[in-house]
Structures are given as C-alpha cells and as structure tokens.
Amino acid sequence: MKIHPLEETWRWYGPADTVSLHDVKQAGATGVVSAMHHIAHGDLWPLKDLEERKQLIQKAGLRWSVVESIPVHEDIKTRSGRYVQLLEIYRQNLRNVAKAGVKTVCYNFMPVLDWTRTELYHIMPDGARALRFSWTDLAIFDIHILKRKGAEADYSEKQLIDAESAFKKGDKQFLGTLSDNILMGVPGEASITTAALSNSIQIYKDIGADGLRENLAYFLESIMD
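10 is the number of the first residue of the sequence shown in this note's numbering; add one for each residue after it.
Watch out, some of these pointers could steer you wrong.
What the hints assert, rightly or not - Under the rule of at most 20 Å between Cα atoms (straight-line distance), these lysine to aspartate or glutamate pairs were calculated in the DMTMM-like manner:
(1) Lys108 - Asp52
(2) Lys34 - Asp52
(3) Lys68 - Glu128
(4) Lys108 - Glu77
(5) Lys214 - Glu61
(6) Lys34 - Asp84
Hints listed in this document are in silico derivations from the structure and should not be mistaken for laboratory results.
Computed from a prediction, not measured in an experiment: that's the story for all the values here.
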C-alpha cells in the first residue's frame, strides 16, 4: 500500500498578505496554499501569473502545494447568464494550474455566500486571534438585520431566545460589525449589500436543493475529461 505523507502547509494570500513567506517558512510549513486572489471571479488566470507566483514561493524555499481555490462564479452555480463561457474559462484555469505544476485544486459550490464567519478577530484565551462562527450572531443578522421572511423557522427555540436577548443588548457598533463580517466577500470578491443578499437567497430558493445538486453535478461533469 502506498503511503502518502502529510505535509504542513500554510494559507497565503499573495504578495499583499501581511504574513510573509519568510514567516510561513519560519512557522515550519513546507508547502503553500494560495490562489490568484487579485483576479476577479470568472476571469482567466494567465499561465504567466501562475508561473510568477510559483517562482516567488519557490525562492522562499517553499512549494506551491495547493490552489485554494479557483472560485466558481455565481452564473455557474445557478446555471444562468454566461455560465457556458465561464465553464470554459474554468476549464482553462485548471489546465493552466496543471501546467504550473500544482496538482491539488480546491473549489467551493456553496450557494449565496462562499463562507460565513460572524467574528473575524475573536480573542482566544492565550491572546491569539481567530475567526469564529456563532449561530446566535447569525440569527441576529438573519432575523433582525436582514429580516429574511420565515427565518425564525430555521433556528432552535434556544437560539431564538439567545438571539433576541443579544440583539436587545447589542449596540450600533456591534450590529454594524456583525453585518459587515457576514456580508464580506471572499478574497477577490467585493462585499455585497443586504438587498443583493436577499435577492440571491430568493434565486437559490427558486432553484431548490435538487436543482442546486443538479447544477453541481453538471459543473463537475463539465470540468472533468
């Protein structure tokens, strides 16, 4: 049986990242997880840019182990608009990444928001900062800020009670920060408005769980030879 050793890797957001490649190497990682975060979702990743990123990582004594991720455009997820053209761009991006020597590629087909964190600078007991997700805080946003119709039905009784209590105690700064955190886009994508979020939720509601699953299957079939 072939044994695949684990590799210590570090998520690096490119030259603009406040964490340098020197820091990554000093932390003990040997591999880097990165992507073309400066390129808008759905645009082509030029092979030249990929090679430059790879060389930059290698000069630091590290290797580009994983691409996380090649973003899946909303038109592909909803199978609407320019999805045919965007699928071809996605396929070409996979080809270019392979030519650059990176064989592991992540993707995310999550609807509406690519990821959700309710707190971006949570202080841990040892003083370290971490991302954090709280169902209570999400319920506050969903019910009291976004005011999504029928949102209450998606939370437990305890979550509803906790959210109501925390909302009444929360000041303007807390509620504003919470809203900004949830509406914040992933790297390479701008933040969205509550109106745009509500519209996106309705689109996926119309598609339904089975429809989204079919769109995912279509996406995977389209990018695999």
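For each hint, the structure was consulted:
1. Lys108 - Asp52: holds (18 Å)
2. Lys34 - Asp52: Judged against 20 Å, a Cα distance of about 31 Å means the pair is violated.
3. Lys68 - Glu128: violated (35 Å)
4. Lys108 - Glu77: It holds: about 16 Å lies between the C-alpha atoms, which stays within 20 Å.
5. Lys214 - Glu61: violated (41 Å)
6. Lys34 - Asp84: violated (38 Å)
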